[in-house]
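A.B. asks: Below, each chain spelled out in residue letters.
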Amino acid sequence: MKKLKTNPGRLSVASFWGRHVPHQVEAPILDVSGVTVRYDGRAILEDVSFRLTAGERVAVVGPNGAGKSTLFRVIAGVLHPTAGEVKVAGHGPGGHICIAYVPQRSQVDWTFPVTVAEVVMMGRIGKLGLLRHPGRKDWEYVRQCLEVVGMADLAGRQIGELSGGQQQRMFIARALAQEAELMLMDEPLTGLDMPAQEDIFRILNELRHRQVTVMMATHDLNLATERFDRVILLNKRLLGIGQPEEVFTPELLREAYGGHLRLIQTEDGLIMLSDTCCGEGF
Amino acid sequence: MNGLVDVIVGPLSYPFMVRGLLAVVMVGVVCATVGTYMVLRGMAFFGDALAHAILPGVAVGYLLSGGERGPVFWWGMITAILTAIGIGAIGKGARIKEDTAIGIIFAGMFALGIALISTVRSYAVDLAHFLFGDVLSVSPRDLGLTAIFGGLVLLTILAFYKEFLVLSFDPILAATLRLPSTLLHNLLLVLIAVTIVVSLQTVGVALMVAMLVTPAATAYLLTHRLLPMMALAAFIGALSGVVGLYLSYYISMASGAAIVLVCTTFFLLALFFSPRQGLVGAWVRTLRA
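Protein sequences, first through last, are from chains A and B.
Under the numbering used here, residue 282 is the last one in the first sequence; the count climbs by one each step, no gaps.
Under the numbering used here, residue 289 is the last one in the second sequence; the count climbs by one each step, no gaps.
Quick caveat, the hints were computed from the structure, so don't treat them as lab data.
Note that beta-carbon positions come from the ideal geometry of N, C-alpha and C, so glycine has one too.
One should not assume that every hint holds.
Pairs of lysine to any residue, SDA-like flavour, derived with a Cα cap of 20 Å [said to hold, decoys possible]:
| # | chain 1 | residue 1 | chain 2 | residue 2 |
| --- | --- | --- | --- | --- |
| 1 | A | LYS87 | B | ARG178 |
| 2 | A | LYS236 | A | GLY65 |
| 3 | B | LYS162 | A | ARG143 |
| 4 | B | LYS97 | B | HIS185 |
| 5 | B | LYS162 | A | GLY65 |
| 6 | B | LYS162 | A | LYS87 |
| 7 | A | LYS236 | A | GLY258 |
| 8 | A | LYS236 | A | PRO63 |
| 9 | B | LYS162 | A | GLN158 |
| 10 | B | LYS162 | A | GLY156 |
| 11 | A | LYS236 | A | HIS91 |
| 12 | B | LYS162 | A | PRO134 |
| 13 | B | LYS162 | A | ARG157 |
| 14 | B | LYS162 | A | LEU131 |
| 15 | B | LYS162 | A | SER49 |
| 16 | A | LYS137 | B | LYS162 |
| 17 | A | LYS236 | A | TYR39 |
| 18 | B | LYS162 | A | GLU140 |
| 19 | A | LYS137 | A | ALA155 |
| 20 | A | LYS236 | A | THR36 |
| 21 | A | LYS87 | A | SER49 |
| 22 | B | LYS162 | B | HIS224 |
| 23 | A | LYS137 | B | TYR161 |
Label pairs and their in silico Cβ distance ranges [claimed, not checked]:
| # | chain 1 | residue 1 | chain 2 | residue 2 | range |
| --- | --- | --- | --- | --- | --- |
| 24 | B | SER118 | A | ASP109 | 40 to 48 Å |
| 25 | A | GLU255 | B | LEU227 | 37 to 45 Å |
| 26 | A | ARG202 | B | ILE78 | 55 to 63 Å |
Here are some chain A residues the structure puts well away from chain B; computed CB gaps all over 10 Å [to be verified]:
| # | residue |
| --- | --- |
| 27 | ASP109 |
| 28 | THR115 |
| 29 | GLU118 |
| 30 | GLY160 |
| 31 | ASP193 |
| 32 | LEU252 |
Start from the sequences and build out the full structure, keeping to the hints where you can.
C.D. replies: Encoded structure:
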């Protein structure tokens, strides 16, 4: 995989309205404190607090309706919490364009008339600014981003022609084009086969070298245990954050999944049987 | 061969035909370009409602001026922009669903427009012109207004092409890139409003939605990329206008209806025979499989 050249224009952020804030070097990349989201009086998230350091890879695990997507939207600054606050590198998320949200595949209109390269270019328009059309340098940057995810040869494809794994990798390339430092991935592995999942983890390893912090919502406790630095167990409240063996305890898992879970103690460890199926939105 | 040339050139000896042709080409291009975003964002019903809802404004201009064109244009423009923004604000916090609210406003405004125009004795003819268009009575001044405002719409779309694209494809990305989404959305609504007013004389309010969405939907069936889709939609819109106008000249058919019928024919052809997405192709593939 090729290294992406650092963008020379990185420090002079050409913004749409010229109001993007500089990062505070000493502040954690993400600081969520007391975030509560209520909708029609119903609590979706309650008093969620945690901190991430730059370059960390964290899995967010919880049953359907646990508020994983809502948490991501609050962190991305797309949804305002009812209470509490989110700080990204020391400032509210609303001033940043360095947060990438990778949507669930089911929420994308795959018949939309755009090519892979055009979708990746969308990540750059925050840097391009108003009234400027992408030039040769910008397309070159997009090509490099596609190379990182191994899709340079698919640049001209309509997005509907991609496989599930390629669709996810395209969105990772878009996050690269955005020069994202915090990437929120909403169940990217749902419906992908093992080789496609491996491809994504290979790219995430590459992102770790660039100090990109990744939060991934997933239903797969095995992957969460094996492939992430820390895990977050969420069900409206934050039930645990830390090493998988500290968080995935029978007590906490039962609290998160309630009656939908059967835990079996074996010689190899804990086996968890769940009948909550598939991703949200499917 | 001479016969065909005569068929095409013959009507051009009438200045009203030349003006009409220029008008339908401009309107076809502007409507189809704006309509591309409408098709991709599912805004056909909004466009139809907005076109009908400007009738009271048009009526007031018509009553105040005693039938002059100029005031009709400006009153229509003000009503269209206010209604577009108003409809855009509906549904935010209201208890009624957005499409219901649009339906109520659209029918109410339309009725008000008809009521106003019906206070004039000769109303039937004038009402018909507002409803179905009267492209052969386009004056040089009308053409100028169409060119200026149509040009403004196209320039705005060109300027905000990538922002509108992101907003249509992925509103969450637009939000994380901190684009002013509400402002851009309202700008698009205003562009649709201006396009409708510019096209009023050509197709009228009742058939407007066809000029907006049919060419764009046809192009959507034929291409997988946005810019070619826009260009193709504009071409189909303009071509439908020209063919429709000639049809109406030779078989004396209402021009607005003729133009829309040509549009619809192009759409049906694409629906059945589009190389990759056509129904006939799909049918043949099923037979072979």
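A.B. asks: All the hints need checking, so say for each whether the structure fits it.
C.D. replies: Hints and how they fare:
1. A:LYS87 / B:ARG178: It holds: about 16 Å lies between the C-alpha atoms, which stays within 20 Å.
2. A:LYS236 / A:GLY65: Answer holds: A:LYS236 to A:GLY65 is near 8 Å, not above 20 Å.
3. B:LYS162 / A:ARG143: holds (18 Å)
4. B:LYS97 / B:HIS185: holds (19 Å)
5. B:LYS162 / A:GLY65: violated (34 Å)
6. B:LYS162 / A:LYS87: Judged against 20 Å, a Cα distance of about 29 Å means the pair is violated.
7. A:LYS236 / A:GLY258: Answer holds: A:LYS236 to A:GLY258 is near 13 Å, not above 20 Å.
8. A:LYS236 / A:PRO63: holds (10 Å)
9. B:LYS162 / A:GLN158: holds (17 Å)
10. B:LYS162 / A:GLY156: holds (17 Å)
11. A:LYS236 / A:HIS91: violated (24 Å)
12. B:LYS162 / A:PRO134: This hinted pair holds, its Cα atoms lying about 9 Å apart.
13. B:LYS162 / A:ARG157: Holds, because 19 Å separates the two Cα atoms, which is no more than 20 Å.
14. B:LYS162 / A:LEU131: holds (9 Å)
15. B:LYS162 / A:SER49: violated (36 Å)
16. A:LYS137 / B:LYS162: Holds - the C-alpha atoms of B:LYS162 and A:LYS137 are around 17 Å apart, at most 20 Å.
17. A:LYS236 / A:TYR39: holds (13 Å)
18. B:LYS162 / A:GLU140: holds (18 Å)
19. A:LYS137 / A:ALA155: holds (16 Å)
20. A:LYS236 / A:THR36: holds (9 Å)
21. A:LYS87 / A:SER49: holds (11 Å)
22. B:LYS162 / B:HIS224: The given pair, whose Cα atoms are some 17 Å apart, holds under the 20 Å limit.
23. A:LYS137 / B:TYR161: OK: A:LYS137 and B:TYR161 at ~19 Å, within 20 Å.
24. B:SER118 / A:ASP109: 40 to 48 Å: holds (44 Å)
25. A:GLU255 / B:LEU227: 37 to 45 Å: Hint violated: Cβ distance 53 Å, outside 37 to 45 Å.
26. A:ARG202 / B:ILE78: 55 to 63 Å: holds (58 Å)
27. ASP109: violated (7 Å)
28. THR115: About 6 Å separates A:THR115 from the closest Cβ of chain B, which leaves it inside 10 Å; violated.
29. GLU118: violated (7 Å)
30. GLY160: Violated, because the least Cβ-Cβ distance between A:GLY160 and chain B comes to about 8 Å, which does not exceed 10 Å.
31. ASP193: Label holds. Min Cβ-Cβ 25 Å, cutoff 10 Å.
32. LEU252: holds (30 Å)
In terms of the numbered hints stated before, the structure departs from hints 5, 6, 11, 15, 25, 27, 28, 29 and 30, listed from lowest to highest.
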